[in-house]
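Spelled out, the chains give:
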Amino acid sequence: MTATVPPGGEGVAATEIPTSSTASAVPQGEGLAARRALRDSRIRGAAFIGLGLLSFAFASTSFSIPATFLFRLQNQGSERFEIATTVGLLWVLAGIAAAVVGALQVWRGPTFRWRPWLLVLLFPFVFAILAAVLSGREANLTRVFSNTLELATPLTLGALAGILSERSGMLNIALEGKMLVGACVAVVVGSVVLGATKTEASPAGEPLIATLIGVSAAMLTGALLGLLLAWLGIRHKVDQIIAGTVINIGAVGITSFLFLRVLGSNPQLNQPPNVAAMDLPFLSDIPVLGPILFSLRPYVYVSIALVLVLTYMIYRTRWGLRLRASGEKPAAAGTVGINVVKIRYRALLYAGLICGLAGSYLPLATAGSFQLEMTAGKGFIALAAVIFGAWHPIGAFAAALVFGFADSAQTLLSILGAQVPPQLLNSVPYLITIIVVAGVVGRVRGPAAAGQPYEQG
Amino acid sequence: MSRLTSLLRRALVPSLAVLTALILGGIVIIITDLEHLSQIGTDPLGALAGAVGGVLNGYGAMLTGAFGHPDRIAAAFENPVPRTIATAIRPITETLVAATPLIFVGLAVAISFRTGMFNIGGDGQLVIGALGATFVGVSLQNSGLPSLVILVLAIAGAVLAGGFWGFIPGFLKARTGAHEVITTIMLNIIASQVILFALLGDALRQAGSSTPVSKNMSPWVDVPLIINLPALRLDYGFVVALLMAGVVSWLLFRTTKGYELRAAGFNMTAARYAGMSAGGSMMLAMAISGALAGMGGGFMVIGTVGQLSNDLSGGIGFNAIALALLAGLRPSGVVVAALLFGALTNGGKQMGIESGVPSQLLTFIIAMVIMLVAAPGLIRSIWRVRVAKPAPEIASVSPTAPAEPA
Numbered sequence: 001m002t003a004t005v006p007p008g009g010e011g012v013a014a015t016e017i018p019t020s021s022t023a024s025a026v027p028q029g030e031g032l033a034a035r036r037a038l039r040d041s042r043i044r045g046a047a048f049i050g051l052g053l054l055s056f057a058f059a060s061t062s063f064s065i066p067a068t069f070l071f072r073l074q075n076q077g078s079e080r081f082e083i084a085t086t087v088g089l090l091w092v093l094a095g096i097a098a099a100v101v102g103a104l105q106v107w108r109g110p111t112f113r114w115r116p117w118l119l120v121l122l123f124p125f126v127f128a129i130l131a132a133v134l135s136g137r138e139a140n141l142t143r144v145f146s147n148t149l150e151l152a153t154p155l156t157l158g159a160l161a162g163i164l165s166e167r168s169g170m171l172n173i174a175l176e177g178k179m180l181v182g183a184c185v186a187v188v189v190g191s192v193v194l195g196a197t198k199t200e201a202s203p204a205g206e207p208l209i210a211t212l213i214g215v216s217a218a219m220l221t222g223a224l225l226g227l228l229l230a231w232l233g234i235r236h237k238v239d240q241i242i243a244g245t246v247i248n249i250g251a252v253g254i255t256s257f258l259f260l261r262v263l264g265s266n267p268q269l270n271q272p273p274n275v276a277a278m279d280l281p282f283l284s285d286i287p288v289l290g291p292i293l294f295s296l297r298p299y300v301y302v303s304i305a306l307v308l309v310l311t312y313m314i315y316r317t318r319w320g321l322r323l324r325a326s327g328e329k330p331a332a333a334g335t336v337g338i339n340v341v342k343i344r345y346r347a348l349l350y351a352g353l354i355c356g357l358a359g360s361y362l363p364l365a366t367a368g369s370f371q372l373e374m375t376a377g378k379g380f381i382a383l384a385a386v387i388f389g390a391w392h393p394i395g396a397f398a399a400a401l402v403f404g405f406a407d408s409a410q411t412l413l414s415i416l417g418a419q420v421p422p423q424l425l426n427s428v429p430y431l432i433t434i435i436v437v438a439g440v441v442g443r444v445r446g447p448a449a450a451g452q453p454y455e456q457g
Numbered sequence: 001m002s003r004l005t006s007l008l009r010r011a012l013v014p015s016l017a018v019l020t021a022l023i024l025g026g027i028v029i030i031i032t033d034l035e036h037l038s039q040i041g042t043d044p045l046g047a048l049a050g051a052v053g054g055v056l057n058g059y060g061a062m063l064t065g066a067f068g069h070p071d072r073i074a075a076a077f078e079n080p081v082p083r084t085i086a087t088a089i090r091p092i093t094e095t096l097v098a099a100t101p102l103i104f105v106g107l108a109v110a111i112s113f114r115t116g117m118f119n120i121g122g123d124g125q126l127v128i129g130a131l132g133a134t135f136v137g138v139s140l141q142n143s144g145l146p147s148l149v150i151l152v153l154a155i156a157g158a159v160l161a162g163g164f165w166g167f168i169p170g171f172l173k174a175r176t177g178a179h180e181v182i183t184t185i186m187l188n189i190i191a192s193q194v195i196l197f198a199l200l201g202d203a204l205r206q207a208g209s210s211t212p213v214s215k216n217m218s219p220w221v222d223v224p225l226i227i228n229l230p231a232l233r234l235d236y237g238f239v240v241a242l243l244m245a246g247v248v249s250w251l252l253f254r255t256t257k258g259y260e261l262r263a264a265g266f267n268m269t270a271a272r273y274a275g276m277s278a279g280g281s282m283m284l285a286m287a288i289s290g291a292l293a294g295m296g297g298g299f300m301v302i303g304t305v306g307q308l309s310n311d312l313s314g315g316i317g318f319n320a321i322a323l324a325l326l327a328g329l330r331p332s333g334v335v336v337a338a339l340l341f342g343a344l345t346n347g348g349k350q351m352g353i354e355s356g357v358p359s360q361l362l363t364f365i366i367a368m369v370i371m372l373v374a375a376p377g378l379i380r381s382i383w384r385v386r387v388a389k390p391a392p393e394i395a396s397v398s399p400t401a402p403a404e405p406a
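Top to bottom, those sequences are chains A and B.
Note that the numbering used here has the first sequence beginning at 1, numbered continuously upward.
Note that the numbering used here has the second sequence beginning at 1, numbered continuously upward.
The following block holds chain A by itself, in its conformation from the complex (with noise of 0.2 Å):
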């Protein structure tokens, strides 16, 4: 409105604030702050509305093209549940459901949560780029959505992992490293108890005994390695990244030097049980659900559990809410009396427990015995996982998801010959955990002590 100079034309020249009849619906914050927000949030609708127009234009050329997505109806039997469209239609789906969020993120504003709504436009544009790409062919997604479930399982773990430490305001990058050692322990001490436990009455011996006993052995190296990286962190002031480098280097080098050394000579070593899927008794015959979602390895569930019980640990409880202080003002948290490098050490030893339950995870559920170098950078994409996720076990339970779709549609598009080069699909994974990391689907701000040594007193 006007500005207002005082008589005599020196001084501050006042600025009147805009009256409510220029005001828009969304309450206008001031500041360089506010306005940042509000522009990025328009932009970010303006995004999301282009982005729908883009896929009318898709859409609008390829409605000749089928579209057929199959589904196994029950875990017997060969009846499909089948949805067949065009891959013009799925487009058009996809458009709709952009240029909606589109317009609430402009109508609403910077307060407009989008975060959950990119999630759920996840869904149509999958499926439309899905069809796409596959031109023509049907594909049978059961297994494709089976195995997304599967394939986040150890990624899941790994950031609830992460997530435990960072909490605390340890950064563990060692979750590659825990991993893999968990992984070892777990083939060598289940094949030991299942070679031990075969007898003439039972020559296929305990499986179940041998792959408790070996997931257990997994996880508490798991903690050990956790606390050597709390006490190489805490104790002896080493930088958290280096000490979290030494496990992951360590790791590799003495389960290769193992593999190499005592397993090839002795492969009773190298034969641990095998986890197989278990179907849920009434849940695995529901049509079409069933077979995705309820006929899966007892990891999943696990860790679907796990995602749970520690959402709730970490934002209901007392003891979370000490971690938390712990990772954001150590030094205010003990002036309340925490003893905040008890709660670090304990943070990492429970990660390090979900670290060799994740390792454990390749070996026995999929791969069947154990490989060089097993975890090929699993640890790390549940790092990017954690960062997705917002330090959050459900936003990271939903980035393991997105890694595990990745991976699980790379395999049915090479398999379907899909015109893409493998080593493209190869690097999705990667280049998703990078694009997270540089913040382009929105910056988070991670625990604000994360990586900074605290002395007590």
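These aren't lab readings, by the way, just hints derived from the structure by calculation.
A few of these clues could be false.
Per the computed footprint, the stretches of chain A lying under chain B, defined by three or more beta-carbons under 8 Å from a beta-carbon of chain B, are [said to hold, decoys possible]:
#, region
1, 261-271
2, 347-357
3, 378-387
4, 421-434
Just a sample of chain A residues kept apart from chain B, beta carbon distances all over 10 Å, derived [said to hold, decoys possible]:
#, residue
5, 35
6, 38
7, 89
8, 108
9, 235
10, 289
11, 311
12, 328
Each residue gets a CB set at the ideal place from its N, CA and C atoms; glycine is no exception.
Once you have looked at the hints, place chain B on chain A.
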């Protein structure tokens, strides 16, 4: 004399760290020596002697693999023809060959760590640099240019390619706060996919090969050898590496830019307060770092190896981190540590072949070395010596904050 004592004091912790790590490695060898351990019930002394003998066997093979077998050296003295001389000095030349890329990537790590950037991407930057050199080399195959000119152009390509691959995480950190540990590791993995992709088409691939290997470029471009004897591979890449150590030392300690880089590493906030561009320092440091690693890759692919394949780097990135830390991030120390690691790597290969102790043990030993150097308190408690506090050159960086306010 005080210069010597300060040198010795600086070398104390690293030397003890290496020694302790070797002892730990020896313990690992003993406890995995299942053959001898199974005899401990019946013949304890013999079993123990056998196990310790296994350790000595393994480390002995490592020594002779790194420096030379006394028998062959004696034979060379008795009968100094080219073949015997070559056989005698091959181990030590191979050690220097192994040390060359370690010097390059070690310098890369040192310069980035000094700026506060944890560059774990040495592997990726090296292979992308090698790809750049391969691309230039293959493109100029029939150009008629002299070999030396092609070499210079190829190395330039390597420097540019590696510098670009290093610049990416630097840029992301400066502009978006993306933690360079994660981005560099991701870029390492993506780099190997890029190499595989590049070797798919016939443009670069060796004709008629079923594995992804590039054309062998030695017929038309090669790095001149220092000692021209049969089966020796030591070329002037080693000399260039030493030269680059001098250049990096000059850059870091005698130029304004180098001062800015080091200041950013000591205290990013103070550097920014003094008017230095923290983001610019990050990007420059990572670009130089990538360029150095890429140069190493270029010399590897044109000189010692001759062709590009996916396993060119062999995990050199992590070894380079170890040796840079061991060297206190000093270029002169990097050269010494790289020679040591070259001996370990080369010797380790021989150890694996001759004595059956897998060379992966070295990865474990190197991890122990890093741990002991980074936590000198451990050395103090094991060996009861007085040790200085860890070097201040290694600054802890806040993990999620971008360089500039957004």
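Hints versus structure:
Proximity of the region 261-271 of chain A to chain B, defined as three or more residues with a beta carbon under 8 Å from a beta carbon of that chain, is established by the 3 residues found. Check result for the region 347-357 of chain A against chain B: violated, 0 residues qualifying (beta carbon to beta carbon below 8 Å, three or more required). With a cut-off of 8 Å between beta carbons, the region 378-387 of chain A has 4 residues touching chain B; three or more are needed, and the interface restraint holds. Note: the region 421-434 of chain A has 9 residues with beta-carbon separation from chain B under 8 Å; the three-residue rule is met and the coverage holds.
Every beta carbon of chain B lies more than 10 Å from that of residue 35 of chain A, the smallest distance being close to 13 Å; the non-interface claim holds. For residue 38 of chain A, the non-interface assignment is confirmed: its Cβ lies about 15 Å from the closest Cβ of chain B, beyond the 10 Å cut-off. Look at residue 89 of chain A: its CB is around 34 Å from the nearest CB on chain B, clear of 10 Å, so calling it non-interface holds up. Against the 10 Å criterion, residue 108 of chain A stays outside the reach of chain B, whose nearest CB is about 23 Å from its own CB.
Interface exclusion of residue 235 of chain A from chain B breaks down, the closest Cβ pair being 8 Å apart, not more than 10 Å. The Cβ of residue 289 of chain A sits about 34 Å from the closest Cβ of chain B, beyond the 10 Å cut-off, so the non-interface label holds. Non-interface call for residue 311 of chain A relative to chain B: holds, since the shortest CB-CB distance, roughly 22 Å, exceeds 10 Å. At the 10 Å boundary, the C-beta of residue 328 of chain A stays outside the reach of chain B, the nearest C-beta of that chain being 13 Å off.
When held up to the earlier numbered hints, the structure conflicts with 2 and 9 and fits the remainder.
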